[in-house]
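Start from chain A and add chain B according to the hints.
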Amino acid sequence: MRRAGRFLLYAALVAVALVFLLPSLWVIVSSLKTETEYHAYPIRILPTRLYWENYRLALTMAPFFKYARNSLFLSSVTTVLTTFTSALAGFGFARLRGPGKSFLFMVLVSMIMIPGTATLIPQFMLYARLGFMNTYWPWIVGGLAGSAWHIFLYRQFFAAFPKELEDAAEVDGCGRFRIFWQIFLPNSLPVIATSSIFLFGWVWGDYVAPSLYLSLQNATLAVALSGNLYVNPQGMPLPMVKLAATVLYVIPMILLFFLGQNYIIKGVVTTGLKG
Amino acid sequence: MNAATTRPMRLGRQSARARTGLRSRAGREALALYLFISPWALGLLLLTIVPVALGVLTSFTNYDGISPLNLIKFVGGANYVRAFKDEDARQAFGNVALLSLWLVPIGIIVSTTLAVLLNQDVKGRGIFRTIYYLPTVFPIVAGATLWISIADKNAGLLNAVLSIFRPGTAVNWLLQYTRLILSLFVIWSGTGGGMIIMLAGLQGIPQELKDAARIDGANSWRAFLHITLPLLTPVLFFQLIMSLIGTLQIYVQPLLLSAGSGVQVGSGLAGTPRRPVYMYLNHVMIQVLAYQRFGYGTALLWVMFVILVLLTLVIFRTSRYWVYYEVEQG
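Order-wise, the sequence lines are chains A and B. Following my numbering, the numbering of the first sequence begins with 1 at its first residue and continues without gaps. Following my numbering, the numbering of the second sequence begins with 1001 at its first residue and continues without gaps.
The following block holds chain A by itself, in its conformation from the complex (with noise of 0.2 Å):
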């Protein structure tokens, strides 16, 4: 009886294991199958040989390169200084008194209930005015305003570091900034590594900002492969080269997710947020 219980348990962890690995797999082995092997009739599950001649037209045939260019650019900018900044705001929530400090926490947990797309249009309409189209110029304003999700962060672990470091450094006659840069800063390794985690892989898998903000000149990796970017000299799609595209964009994230899974957890549970 528990053994046959334990066998159940294990097979519909496996189960459900293997309907959440095999989109992943599928495309995969798509992207690895020839033009005439891809159209098959009836449908090919394995190709025959692997053709990797497909992930190079992905990164020849457009500009892969270019794109991934500025999706790294805008993933870094916005990551650096958003960084930054909501660790600067988390360091002052967390270490520091003033009126009105409260009502300023209420405002920040409320900002992150609130749902992203009731600032989204109102934000382009103000940003199509200040001739932001084009430019990178959201993402940099975006960064330098912080992220309340991101200063909740902070703020939960600078809260916990004890006060006596404060005092002694104040001792010595540091300034609340070196106190901050100098003794807060480097002791963060584990949350600043949370926190640019979220962000680069928020902005490396962000499709809505970059197809409202930038043309297909300036596109990012996430733009530029909804579209139909890869075809053949007669104008049709070639459709495992785009998989093969596509596995090439999402290594990163995975990569990014391995090297930082506990970070990553650590996160989601923290603020109760999913990534």
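FYI, nobody ran anything at the bench for these hints, they're computed from the structure. Every residue gets a Cβ at the ideal spot worked out from N, C-alpha and C, and that includes glycine. Among the hints, a few may not be true.
Claimed, not checked - Label-pair restraints from in silico Cβ distances: (1) W137/A - R1028/B: 30 to 36 Å; (2) L1045/B - Q217/A: 29 to 35 Å; (3) L1180/B - A4/A: 30 to 36 Å; (4) L21/A - R1025/B: 22 to 28 Å; (5) P1167/B - R56/A: 32 to 38 Å; (6) W137/A - V1056/B: 19 to 25 Å; (7) A15/A - F1165/B: 15 to 21 Å; (8) L1209/B - I112/A: 29 to 35 Å; (9) L1045/B - T36/A: 57 to 63 Å.
Coordinates of chain B only, in the frame set by chain A:
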């Protein structure tokens, strides 16, 4: 250190100095606080509060995004009247409400079940957890491409497998079962995060409680029903609200899936998904981006926002009947 306290001084003056010193110390701390949070506070004001206020104002005008500002006319509540008469808007809201009606409960049940299974004493728990969480790190465009390639009529996995049992199966899943594919896509990419949160909630439940229930003769199902589940309700409550707000705002996945089925009209965010997955926010985006109806689009947006706030409030009100709190809420 404060220089004033180190200097020799008469007693009365010293205490006065100390007091002002204290006050200025508190003042300096407050100033530092405001400086530290100023980038966020300025951003909140300029990038959220001001645009949203302007957006509310816009919903009472005929603004089209291009005309000079002196041509903008106030039209009173006309945009809102129109929103309630708009048959497409109503249908779109019906579509997304229907989708939420099954996606929210299924999502919560799946993520809770996975968390409960993983909370048992299983070998390779970390590997299973990784596999279930992995889809959440996939960019949305990649996820859509994955599910399109699964559902594709001529080269998809679904038809490939079905053909083994019924040769010649050529179902156009994206066209005929759009809702099903969309639901699979959303659940596949969305359950991992919920599972992690549930797992953390489960691990916070003291083992002694479950042991006590077992000693009292409860089987594991009854222990789950009467001990674990009630203690998990605060997490479930939070998940319910976040999941409902999130699902009602779905619009990108239908766009990307419909683009893949080759029947999408328009392009980018202003595209028109197929009827059954034409969501409320698709309707809003089309008004704003395709027709430049900024006034009408923002009116539609605020109607949705009010509905979301009301729904959240209703769920909060019901929480006292089913959410278990360690400390009695006032």
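Each hint, compared with the structure:
1. W137/A - R1028/B: 30 to 36 Å: holds (34 Å)
2. L1045/B - Q217/A: 29 to 35 Å: holds (33 Å)
3. L1180/B - A4/A: 30 to 36 Å: holds (33 Å)
4. L21/A - R1025/B: 22 to 28 Å: With Cβ atoms ~59 Å apart, the hint is violated.
5. P1167/B - R56/A: 32 to 38 Å: Roughly 35 Å apart at Cβ, these two residues keep to the hinted range, so it holds.
6. W137/A - V1056/B: 19 to 25 Å: Check passed, 24 Å falls within 19 to 25 Å.
7. A15/A - F1165/B: 15 to 21 Å: holds (19 Å)
8. L1209/B - I112/A: 29 to 35 Å: With a Cβ separation near 31 Å, L1209/B and I112/A satisfy 29 to 35 Å, so the hint holds.
9. L1045/B - T36/A: 57 to 63 Å: holds (60 Å)
Hint violations for this structure: number 4 only, all remaining hints satisfied.
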